[in-house]
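Line order of the protein sequences matches chains A and B. Anchor point for the first sequence: position 9 equals 9 in our numbering, and the numbering is continuous, going up by one each time. Anchor point for the second sequence: position 202 equals 202 in our numbering, and the numbering is continuous, going up by one each time.
If you are wondering where the hints come from, they were derived from the structure by calculation, not from laboratory data. Backbone N, C-alpha and C fix where the C-beta goes; we use that ideal spot for every residue, glycine too. Everything hinted at is true.
Pairs of lysine-lysine, DSS-like flavour, derived with a Cα cap of 30 Å:
1) B:K121 <-> A:K40
2) A:K40 <-> A:K120
3) B:K121 <-> A:K120
Part of the chain B face toward chain A, derived, beta carbon under 8 Å:
4) F115
5) P158
6) F159
7) R177
8) L289
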Amino acid sequence: MDTVLTEVSRQTLQLSYPDEVDEVEAALRRYRGGGRGKPKPPVGMGVELLPLADYVIPVLAGLFGIASARVAERATDALTDRTRALLADLRDRPGQVAGPLTPEQEREVFESVVLSLEGKVRPAEAQRLANGVIGALRMRSNGR
Amino acid sequence: MIDAAAPGPRSHARVPSPTGGQYVLLMTVLVVTGTFVGTLMFVHVFGAAWLAGIHECHAALDPSPPTEAAAFAQQQRFLACSAPLEHRRAAAAIGGGATVLALAVGLTLVLPRVFLWRLGKLRPAPSRWPAAMDRIAPAFFLTTTPRVWLGPSELLEPFTVQRGRVPEVIVPAGARRATDDELAAILGHEAAHVAAGDVRLVWLTRGLRWALPIVAVLPLGPVAVWLVTLPDLTSLPWPALWTWLEYVLRTVVLLVAAGVLAARISRAREHEADAATAAAGGRAGLAALLGSRPADVRLPFRQRITAAHPSYALRRRFIDRPDRLPPYGWPDEMVAGLLATTVLATSYQVTNPGLVGTPVGGWVNMIDSLLAGALIATTCGLSWWHRAHQDPGKGRQGRRPVLAMLAGVPIGMLTAVGQTRGDGPSGWYINWWTLVTVPLAVAAATAVSVCLAHSWAPRRRRPGRFVPVVVNTVLFGLAFWIGSVGAITFTRNEPAEYLLIATVSPWSPFLAVAFGVAAVFAWRLSSRRWLLLATAAGAIGAATVARLLAPRPLIADAPHADGWIDLWSAAAAGLAVVLAVMLLTGAESFTGALYASLVATVGASAAFYLHGFGDWAFPMARAWYVLIYPPAVLGTGVLAVALLLPLLSARHRPAVPPWLLPPAAALLSGAMTTALTHVSSHLRYTAVVFT
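Turn these sequences into a full structure, and let the hints steer you where they fit.
So this is what it looks like as structure tokens:
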């Protein structure tokens, strides 16, 4: 499942914030490890400034149904069962087999991502990331 | 937005901070503990030879010298004989401290590099970051602009490190999306750390905390070898083993206390860096950064006391406070008292043997006490005096600091690593009386310091560093000296002789001189001078009348009793002034009472002196005693009475008619002089002062 998360996260950031693509691997490690072993500098600001990858990965994990119940619930609130099933297909059988998302489904995903990122990033950033997610899903459904 | 060219308060980077003193205190404690390790190593390697040498010096002495002069000469001979041996012991102790310091400096150079190596490769920063730092650095008076890097992906929070001459600010990738205000706050906060010297101080403290355990383990090596090679475990020397266990426990306690204090200092420094950033114009960005954080989760106790940063909620509240002084509470005061006392009890391992046979060999206690006093002055002293400057009307009684000192100082006496009995030659610095006298003396000095601060602060435009440090160093140095030497006097004398303490102790002339200087200082700070001088005049008049009307005591075996009663009566006149002022006006006029009491004591003493001028063979020599000893007795009395300051009500008191002060002082002065004359036959006297 990590492969799916890595690929879609990279594609999402490539399409929305290309500068931050390099942060995906470390963000995935943090996501898997629950933030343990973070370096704690002695003379620092004490304020964590997370790269966008740290926000995108849990949202994508929720969309694909590979996250904990709490994250998944938040991420899939705005999704219908049909869209969830399509996303599960995209997760397991990417490419033409799963089929493309309809405009309504893309809107559902857009709203779901914006909702999940509420309060974590600025609204404009959330919308840009949501567009990035949709772009990444389109690429995945095209087998790219 | 932070910009050096923008108009705004520039004083934020120049205000001296008491947390700087806390760093000095922490580092001194760790280095001084290293000196004890050096002493232990000396005992391991040269202990037998040292003991044989001391025995040899003892053997050359006459067990019963015929005269006092012979005893004194013999003592000098013993000191001359043992001095070379003792100097070697002191050199070993200094070597222990120097090893800890050298290792710490080495670690200070290595640890940041190791941290960066573990973190990963640094990346070039986006172009707007160095440009922003170029604008921000001059606002913090930085002569070298820090280099800015984009941190590795693993990094989540900005930090500063220094590998060479140029400080380096490492910013995480998440800051790329920061607004200009937020970026200015991030870089401003780090620049504030650089300006305050935190980067070096924090890594040096960390280096010391690593170095001390490494060095402290060394004396345990021979013990381990000795245990392994013991042929028969049934005859284990348990007392010796217990000593080593005690040594390990004390060291662990010290390191834990050092860790907790380091974390507290670190949290206070974060507040200071936030305050400096806000004052330089970065408040909006800082508030945005702290405000966007999720609500704080209540952390477990261990994490709360070891956290290097305060909670977001605390930081948000702090940048909105007008005074911007870092939080400084009773734990800081208690730990400062504890660690300064640790230094008092441990530096003795160096000063005692190191100064034997030198001209200052008799002043070891004074030197140790001044060092401990300086440490209190640069930590608590600065904080109390600066706080008084911010809010002159609050905390005049000093209840919290007095209680904190009463709690911290005895713990410091008990837990100091230097008190371990494993070092053989030096023995214990303390006796049980010290656990009472030192805390009480330090607590009294605390009450006096807080009171003086509240009189001094309103007259100052901005808080300085010189006056608070000098006044508190002298005050606390004397308190530690009086407390530790006083304990010895208490052990050696009966209660009837306690009134003699202030005149037969080595600190008497120093206390008298310090009291004189304090009186001049208090005169400059005081208002209502004529009223206080009238109060002193009342006390002088009452003491003189009571003394002249009462019959002169004639006590067998104490030909100088009359002179002693004069001396104590003069001191009582001054004490009467202080008591009258405290009872009628509370803590408010305590500072004024300091000079008024000295005027009363010197005035009464002069009156007694002039009355009996024709009776003495050496009137000029006696005048010296009249000037020095009554103020010394008065100083001791004032310290004791100052302990009552925290008990005075903080609430608004009904106004007392000013004219009541002189008769009240006269009444108290007359009563005390009469009482002294009345009980004169039950008191003890000595010929020391009057021969």
